[in-house]
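J.: Model the full structure from these sequences, guided by the hints.
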Amino acid sequence: MLLPYGLDIVESCLTCKMRAEHIFCDLPASALQAFENIKYATAYPKGAVLFVEGQAPRGIFVLCKGRVKLSICATDGKTLIVKIAEPGEVLGLSASVSGKPYELTAETIDPCQVNFVKREDFLRFLKDHSDACFKVAEQLSEKYNNACHEVRSLGLSHSAGEKLAKLLLEWSSKNGEATKQEPRLKLALTHEEIAQMIGTSRETVTRLFADFKKRQIVQAKGSTLVIRNKAALKIMATSS
Amino acid sequence: MASVLEASCRECVLRSGRLFCDLPAEALEAFDGIKTVALFPRASALFREGNVANGVFVICQGRIKLSLSSESGKRLTLKIAEPGEVLGLSAALSGTPYEATAEALEDATVACVKRRDLVRFLRDHREAYLRVVHLLSGDLHTAYSRVCSVGLGRRRRLPAPRIH
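Line by line, the protein sequences are chains A and B. Under the numbering used here, think of the first position of the first sequence as 1, with each following residue one higher. Under the numbering used here, think of the first position of the second sequence as 1, with each following residue one higher.
Keep in mind that the hints were calculated from the coordinates and are not lab data. Owing to the predicted nature of the structure, the values given are computational and were not obtained by experimental measurement. The beta carbon of each residue, even a glycine, is placed where N, CA and C say it ideally should be. Incorrect hints may have been included.
[Unchecked claim] Only pairs whose alpha carbons sit at most 27 Å apart, straight line, appear in this in silico DSSO-like list of lysine-lysine:
hint, chain 1, residue 1, chain 2, residue 2
1, A, Lys135, A, Lys65
2, A, Lys65, A, Lys83
3, A, Lys186, A, Lys230
4, A, Lys135, A, Lys186
5, B, Lys74, A, Lys230
6, B, Lys74, A, Lys234
7, A, Lys230, B, Lys114
8, A, Lys127, B, Lys114
9, A, Lys83, A, Lys17
10, B, Lys114, A, Lys135
11, A, Lys174, A, Lys214
12, A, Lys100, B, Lys74
13, B, Lys79, A, Lys135
14, A, Lys166, B, Lys114
15, A, Lys186, A, Lys46
16, B, Lys79, A, Lys83
17, A, Lys174, A, Lys221
18, A, Lys78, B, Lys79
19, A, Lys180, A, Lys234
20, B, Lys79, A, Lys100
21, A, Lys65, A, Lys174
22, A, Lys83, B, Lys74
[Claimed, not checked] Here are some chain B residues the structure puts well away from chain A; computed CB gaps all over 12 Å:
hint, residue
23, Ser16
24, Leu66
25, Arg126
T.: What follows is the structure, encoded as structure tokens:
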């Protein structure tokens with residue numbers, strides 16, 4: 001069988017096996033059936049733009065598979081990556097609820113399956129299903145916490161080195177590597193993208209990585225990064 | 001104390017135009033039953049960052065400053081909340097610690113609701129729940145524009161219309 005972008009598209013939410021792990025998707029049967037009737041299952045290639053900051057909200061995008069980069073752009077073209085969204089996340093949620101323009105730009109970094117729901121349909125769905133309201137509130141709260149975290153790390157860090165150390169520690173605490181002495185992490189982003197995550201330039205990130213390697217704090221093995229000296233990173237992250 | 005404030009939300013003259021406060025009569029009555037009105041003098045804290053979220057705070061009068069702090073104690077103002085706003089919502093709903101510190105900038109009157117009561121109230125009143133979702137969306141918008149101004153060093157402006 002030929003699959004679009006090599007993705008195994010799940011057409012129906014009712015039979016979806018990933019549902020239990022995704023916060024928003026794990027709805028009771030009646031709500032799920034109603035959701036099934038209003039959603040459109042779509043596939044996007046890598047590098048597709050789902051919506052652009054400033055656009056009037058069309059609706060929400062439930063990310064089923066793949067990852068999506070969420071960014072903010074300044075008038076001079078500088079970009080800041082706010083978050084890399086993982087499967088199970090709902091994108092464009094707050095804009096669709098409030099009717100304000102999308103506050104971020106969403107661009108796929110893998111081939112993605114996305115379930116789209118039109119704004120009017122979604123608002124009606126929320127009115128009829130209070131369980132869904134609960135899930136939406138939960139998602140919004142999580143996004144809010146994340147945004148506060150972002151403001152804190154961007155606004156209260158002294159140097160780019162401090163921010164990069166924080167980012168590496170954060171990544172290494174995921175994927176069950178947290179307890180290991182020398183956690184390894186897969187660098188799925190380019191130096192340019194890392195720079196946009198911590199609000200600095202590509203050159204600075206490359207320079208910092210070279211510096212970290214020279215001081216034996218990290219070691220690169222292909223696209224995998226091994227953190228050799230976690231204690232040193234921690235000191236850098238709190239040196240303000 | 002200003003005389004415009006009533007013990008009951010139903011008689012409150014400030015209510016209209018405030019998203020959360022302007023509830024249907026029946027929901028308002030239920031809300032009256034679970035809230036306690038408290039006075040916070042200037043510079044006192046409603047809650048602190050990292051504390052367990054045990055309730056939400058609806059501002060009746062006065063302005064409240066929300067700030068974030070780093071491990072070293074540096075502080076950054078997230079926003080100044082105006083009357084009618086509900087503070088601590090996201091933390092109370094998700095059961096996570098408060099993400100910011102809230103301090104009164106002037107003498108403030110605040111309606112406090114315990115987390116457990118709020119969850120039960122929202123379950124019973126769908127209308128209120130929809131409004132809470134709206135409020136959370138608004139909070140998120142301000143947080144993102146703060147991310148933008150802090151991270152990119154400038155306020156976000158609307159893109160200029162394209163000329164062809």
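J.: With reference to the structure, classify each hint as holding or not holding.
T.: Right, here's what the structure says about each hint:
Distance restraint check for Lys135(A) and Lys65(A): the Cα-Cα separation of roughly 19 Å lies within the 27 Å cut-off, and the hinted pair is therefore satisfied. With a CA separation close to 16 Å, the supplied pair Lys65(A) and Lys83(A) stays within the 27 Å bound. This hinted pair checks out: Lys186(A) and Lys230(A) have alpha carbons roughly 16 Å apart, not beyond 27 Å. Taking the CA atoms of Lys135(A) and Lys186(A), the gap is near 31 Å; set against the 27 Å cutoff, the hint is violated.
Simply put, Lys74(B) and Lys230(A) have alpha-carbon atoms about 24 Å apart, close enough for the 27 Å limit, and the pair holds. Pair hint Lys74(B) plus Lys234(A) holds up; C-alpha atoms about 18 Å apart against a cutoff of 27 Å. With a C-alpha separation of about 41 Å, the suggested pairing of Lys230(A) with Lys114(B) is violated against the 27 Å cut-off. Pair hint Lys127(A) plus Lys114(B) holds up; C-alpha atoms about 25 Å apart against a cutoff of 27 Å.
Between Lys83(A) and Lys17(A) the CA atoms are separated by roughly 26 Å; this keeps the pair inside 27 Å, and the hint holds. Pair hint Lys114(B) plus Lys135(A) holds up; C-alpha atoms about 20 Å apart against a cutoff of 27 Å. Taking the CA atoms of Lys174(A) and Lys214(A), the gap is near 25 Å; set against the 27 Å cutoff, the hint holds. For a cut-off of 27 Å, the pair hint linking Lys100(A) to Lys74(B) is broken: about 32 Å separates their Cα positions.
Of the supplied pair hints, the one linking Lys79(B) and Lys135(A) holds, its CA atoms being roughly 26 Å apart against a limit of 27 Å. Taking the CA atoms of Lys166(A) and Lys114(B), the gap is near 35 Å; set against the 27 Å cutoff, the hint is violated. Of the pairs offered as hints, the one joining Lys186(A) and Lys46(A) holds, with about 19 Å between alpha carbons and a cut-off of 27 Å not exceeded. The hinted pair formed by Lys79(B) and Lys83(A) meets the criterion: a straight-line CA distance of about 21 Å does not exceed 27 Å.
Restraint check: the Cα-Cα separation between Lys174(A) and Lys221(A) comes to about 19 Å, which is no more than 27 Å; the hinted pair holds. Restraint check for Lys78(A) and Lys79(B): satisfied, since their Cα atoms lie roughly 24 Å apart, inside the 27 Å limit. Using a Cα cut-off of 27 Å, the hinted pair Lys180(A) and Lys234(A) holds, with the two alpha carbons roughly 15 Å apart. Proximity of Lys79(B) to Lys100(A) is assessed by CA-CA distance (about 19 Å); at most 27 Å being required, the pair is judged to hold.
The suggested pairing of Lys65(A) with Lys174(A) holds, with an alpha-carbon distance near 19 Å, which does not exceed 27 Å. For the hint linking Lys83(A) to Lys74(B), the alpha-carbon distance of about 24 Å falls within 27 Å, and the restraint holds. Every Cβ of chain A is farther than 12 Å from the Cβ of Ser16(B); the closest lies at roughly 20 Å, confirming the non-interface assignment. Here Leu66(B) does not stay apart from chain A, with its beta-carbon only about 9 Å from theirs, under the 12 Å limit.
For Arg126(B), the requirement that its beta carbon stay farther than 12 Å from each beta carbon of chain A is not met, with the minimum near 5 Å.
Checked against the numbered hints above, the structure breaks hints 4, 7, 12, 14, 24 and 25 and satisfies the rest.
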